[in-house]
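Visitor: Generate coordinates for the entire structure from the input sequences, incorporating the hints supplied.
Our numbering numbers the first residue of the first sequence as 1 and each following residue consecutively.
All clues stand as given, with none of them false.
Cut-off 30 Å, straight-line C-alpha distance, at most; resulting in silico cross-link-like pairs (DSSO-like, lysine-lysine):
id	residue 1	residue 2
1	Lys535	Lys180
2	Lys568	Lys533
3	Lys533	Lys180
4	Lys371	Lys172
5	Lys621	Lys583
Since the hints were made in silico from the structure, they are not lab data.
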Amino acid sequence: MLDKTYQPAEVEAKLYALWESAGLFAPKAADGAAPYCIMMPPPNVTGSLHMGHALTFTVQDTLVRFHRMLGRETLWQPGMDHAGIATQMVVERQLAAEGVEMGRRALGRDAFVERVWEWKAESGGMIARQLQRIGASPDWSRERFTMDEGLSRAVRRAFVSLYRKGLIYRDKRLVNWDCKLQTAVSDLEVQQTETNGHLWHLAYPIEGEPGRTITVATTRPETMLGDTGVAVHPEDERFRDLVGKQVILPLVGRRIPIVADEYSDPEKGTGAVKITPAHDFNDFEVGRRHGLEAISILDEHGRVNENAPEPYRGLDRFEARKRVLADLEAQGVLVETEQHRHMVPHGDRSGTVLEPFLTDQWYCDAATLAKPAIEAVESGAARFVPKQWENTYFEWMRNIQPWCISRQLWWGHQIPAWYGPDGQVFVEESEEAAQEAARVHYGSEVALVRDEDVLDTWFSSGLWPFSTLGWPEQTPELARFYPTSVLVTGFDIIFFWVARMMMMGLEFMGEVPFREIYIHGLVRDEKGAKMSKSKGNVIDPLGLIDQYGADALRVSILASTAQGRDIKFGESRVEGYRNFVTKLWNAARFIEMNEGRLASGFDPGACRTPLNRWIVGETAKAAAAATEALQAYRFNEAALGLYHFTWSTYCDWYVELAKPLLAAEDAAVREETRATAGWVLAQILHLLHPMAPFVTEELWARLFGAPGGMLAAASWPALDRALVDEDAEAELSWLTRAIGAVRAARTELNVPPGARLRLLAFNADATTRARLERHGEALARLARLGAIEIGEGAVPGNALQVVVDEATLAMPVADVVDLAQEAQRLRKEIARLEGEIGKIEQKLANPKFVERAPAEVVEEQRERRVDAEATRARLAAALARIA
RNA sequence: GGGCGCGUAGCUCAGCGGGAGAGCACUACGUUGACAUCGUAGGGGUCACUGGUUCAAUCCCAGUCGCGCCCACCA
Numbered sequence: 001m002l003d004k005t006y007q008p009a010e011v012e013a014k015l016y017a018l019w020e021s022a023g024l025f026a027p028k029a030a031d032g033a034a035p036y037c038i039m040m041p042p043p044n045v046t047g048s049l050h051m052g053h054a055l056t057f058t059v060q061d062t063l064v065r066f067h068r069m070l071g072r073e074t075l076w077q078p079g080m081d082h083a084g085i086a087t088q089m090v091v092e093r094q095l096a097a098e099g100v101e102m103g104r105r106a107l108g109r110d111a112f113v114e115r116v117w118e119w120k121a122e123s124g125g126m127i128a129r130q131l132q133r134i135g136a137s138p139d140w141s142r143e144r145f146t147m148d149e150g151l152s153r154a155v156r157r158a159f160v161s162l163y164r165k166g167l168i169y170r171d172k173r174l175v176n177w178d179c180k181l182q183t184a185v186s187d188l189e190v191q192q193t194e195t196n197g198h199l200w201h202l203a204y205p206i207e208g209e210p211g212r213t214i215t216v217a218t219t220r221p222e223t224m225l226g227d228t229g230v231a232v233h234p235e236d237e238r239f240r241d242l243v244g245k246q247v248i249l250p251l252v253g254r255r256i257p258i259v260a261d262e263y264s265d266p267e268k269g270t271g272a273v274k275i276t277p278a279h280d281f282n283d284f285e286v287g288r289r290h291g292l293e294a295i296s297i298l299d300e301h302g303r304v305n306e307n308a309p310e311p312y313r314g315l316d317r318f319e320a321r322k323r324v325l326a327d328l329e330a331q332g333v334l335v336e337t338e339q340h341r342h343m344v345p346h347g348d349r350s351g352t353v354l355e356p357f358l359t360d361q362w363y364c365d366a367a368t369l370a371k372p373a374i375e376a377v378e379s380g381a382a383r384f385v386p387k388q389w390e391n392t393y394f395e396w397m398r399n400i401q402p403w404c405i406s407r408q409l410w411w412g413h414q415i416p417a418w419y420g421p422d423g424q425v426f427v428e429e430s431e432e433a434a435q436e437a438a439r440v441h442y443g444s445e446v447a448l449v450r451d452e453d454v455l456d457t458w459f460s461s462g463l464w465p466f467s468t469l470g471w472p473e474q475t476p477e478l479a480r481f482y483p484t485s486v487l488v489t490g491f492d493i494i495f496f497w498v499a500r501m502m503m504m505g506l507e508f509m510g511e512v513p514f515r516e517i518y519i520h521g522l523v524r525d526e527k528g529a530k531m532s533k534s535k536g537n538v539i540d541p542l543g544l545i546d547q548y549g550a551d552a553l554r555v556s557i558l559a560s561t562a563q564g565r566d567i568k569f570g571e572s573r574v575e576g577y578r579n580f581v582t583k584l585w586n587a588a589r590f591i592e593m594n595e596g597r598l599a600s601g602f603d604p605g606a607c608r609t610p611l612n613r614w615i616v617g618e619t620a621k622a623a624a625a626a627t628e629a630l631q632a633y634r635f636n637e638a639a640l641g642l643y644h645f646t647w648s649t650y651c652d653w654y655v656e657l658a659k660p661l662l663a664a665e666d667a668a669v670r671e672e673t674r675a676t677a678g679w680v681l682a683q684i685l686h687l688l689h690p691m692a693p694f695v696t697e698e699l700w701a702r703l704f705g706a707p708g709g710m711l712a713a714a715s716w717p718a719l720d721r722a723l724v725d726e727d728a729e730a731e732l733s734w735l736t737r738a739i740g741a742v743r744a745a746r747t748e749l750n751v752p753p754g755a756r757l758r759l760l761a762f763n764a765d766a767t768t769r770a771r772l773e774r775h776g777e778a779l780a781r782l783a784r785l786g787a788i789e790i791g792e793g794a795v796p797g798n799a800l801q802v803v804v805d806e807a808t809l810a811m812p813v814a815d816v817v818d819l820a821q822e823a824q825r826l827r828k829e830i831a832r833l834e835g836e837i838g839k840i841e842q843k844l845a846n847p848k849f850v851e852r853a854p855a856e857v858v859e860e861q862r863e864r865r866v867d868a869e870a871t872r873a874r875l876a877a878a879l880a881r882i883a
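Guide: Put into structure tokens, the structure is as follows:
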């Protein structure tokens, strides 16, 4: 016996353990069908489950469960990312909380890294357990971590290989430097933030022309300490005579040249621009063109260094700005200050203002790697769903800049480069190999020093689709599952990750890492704002699971996941789908009580009664629609379609109509209905299983005894379209319309619900009579009628009259309702029909329509007119009887 | 400055060249033994605006207005 109510919490824990112990999440060899593989985007080891995870993993799990049921050998590869900066920050915060001065530096590198591993062992990876709460079914036995030995080996192999091909190199150029985290970051980690600032105009004196100045404008006056030039546009008449002259840099006293360069825009600022090659990306290029020196005046903490005049040394960059401005003002160099809104680069992790900083870093030649990655999408070897994201991908890939891959952190993959005493670099997969290379190079044993830096986390993530399958070994899994089937992720990660996997996959495997890339939206709060801890508008998915169950959460997410749109998510939505789960549970209880069953040898195509033939056809249609929707990544359609089929078609109509048949005296009808009701419910459980795995699995076991094993291992329904019977459809359409019409009329005329009206059917042909005969009991029950008879003679005027096709159904009611009201109702209905007829006639009267519209469209309109006119005539007759 | 997306019922959103839809909310009624986490019925929309294409436009095209996001080095 099923419990009166469904208790998700216990069921979920129990079933998850069952699935896992039965090994259902591991790939099963399947003959014929192609393998199916999804690489789980590895969540940060520091992460905890938020709504974004709930969305992406629900989608992935639904796909994976769907394809398992389709009989494909399915691998969902799980794992976690070491998340360099994020993890290092967590442990550094711990150290700070413990009062360790100087943080990680006090410990030293080895001890610190060990400490991070300890942290990971104790508190990392919480998210993996949380994933199980939403029912995620990856093959946990294959779980990987980006820093584990195998993946680290893949990283070293990839690095060395790219280095030898010249695609990784060391270069001294400007990088985005995070003064707080003390590391370089890539362009992608720069967050441009619009900020209220100032534009300061500085009048620099011209050498040899007393009293003459050239005015530059800047938002960063402190960098003037590192100015090595002033640029004007070559065509700019105002400054033409100054080109080639020297400026005496105030506060510093350095002589710096005025150069002509296209970069200077006469329209912007004052038309002359100060050039600080060491502190501005554009200036760096200008400086290069004109041989200007790059003088860095800041150290790695963002403090003024010894390259600046003595009074400023040691000052923080923002302090220095104030001092420089004050001194410039005192000297009369500061001639104007205006308010100015502009974009200021911030570090996405630290939130501090980033500094263009001149350092040696490792770079990856992304432009070269991007070429095949662009072609792969152009050719369709990999395709984005929805397609519009291809634009975003192309746009970025075609303008890709060198990728700075070194980070001045301790947690991560240390770069496999060793330096000899003379700075000679040896890039090898191991220290031994580097030593050997050094021995060959120097002809003797020398001490090597390893590069201190680690790699950008995304470097190892980029290898994920093949490193997790065993690369660089040629494993059977690699051969079987690469390229993977689909990558599921959010658009915010296209550049960071999708692009890098495409580049790395094509480089090392010679094939795209995935055939399709499904991009879903972001989960926002009810008002459409991004969820963030600081705004306090985050919804905790685990809380929702506690309250409503995992299935309710999953179905709400899927039903809200329309392509190309973000999801505004509110708790009320989950409540609605919790109700749906409850509805399904109750329908199952009904089936149980009425001895619905999965009859062995039941052939849905062999049903005799129209009701059963109809629901079998509807089931086939619903299954086909769900299959198509899932295959096309239209999760909302799949979820809403099954929701509607289950609730409306099955529960509201079929079950209600089947009640008399379940108690029929005719044993054949009774048994057929029990078997059909059970069979359809079983199909529903199968179809819903990828989206709502828990409740369906539970019902499958409790109600049907799980014939053939767990639902998670069952086959997806493959129902023949031939199961759709048009005659049964027409009959049930008639029946539901009749019930609907009677119900509506009753409500509109305030017929007391308890009043069982007698129904007389007039002008009923043989088909209608047969239908009334077959469905009389159901009709009476659902429309709350008493006796149902064939009307003889004249139609009574003192009756509620509804027209269904050619028949007029009259319900004598003189004592219960006001007939004037009934007349009013009929008039309204007639008016509505007349409006419709008017529109159709207008169309048909248009010769161009009749001439140019497709014949079937014209024919359809004609039929509509005939039907509407017939109904109007019958309603008019009904009205005449009253009036 | 470039690119993308979005304006459809009070709210959240589907849909899409030929009869405007769902869920929630709202109104009325209902103790019909699966279900009140329910049932039945109902109200509510010049499908942002303006032009164009078409026999026919909510849907296609162009423009306007409003909103959001992404990219970009603008002093």
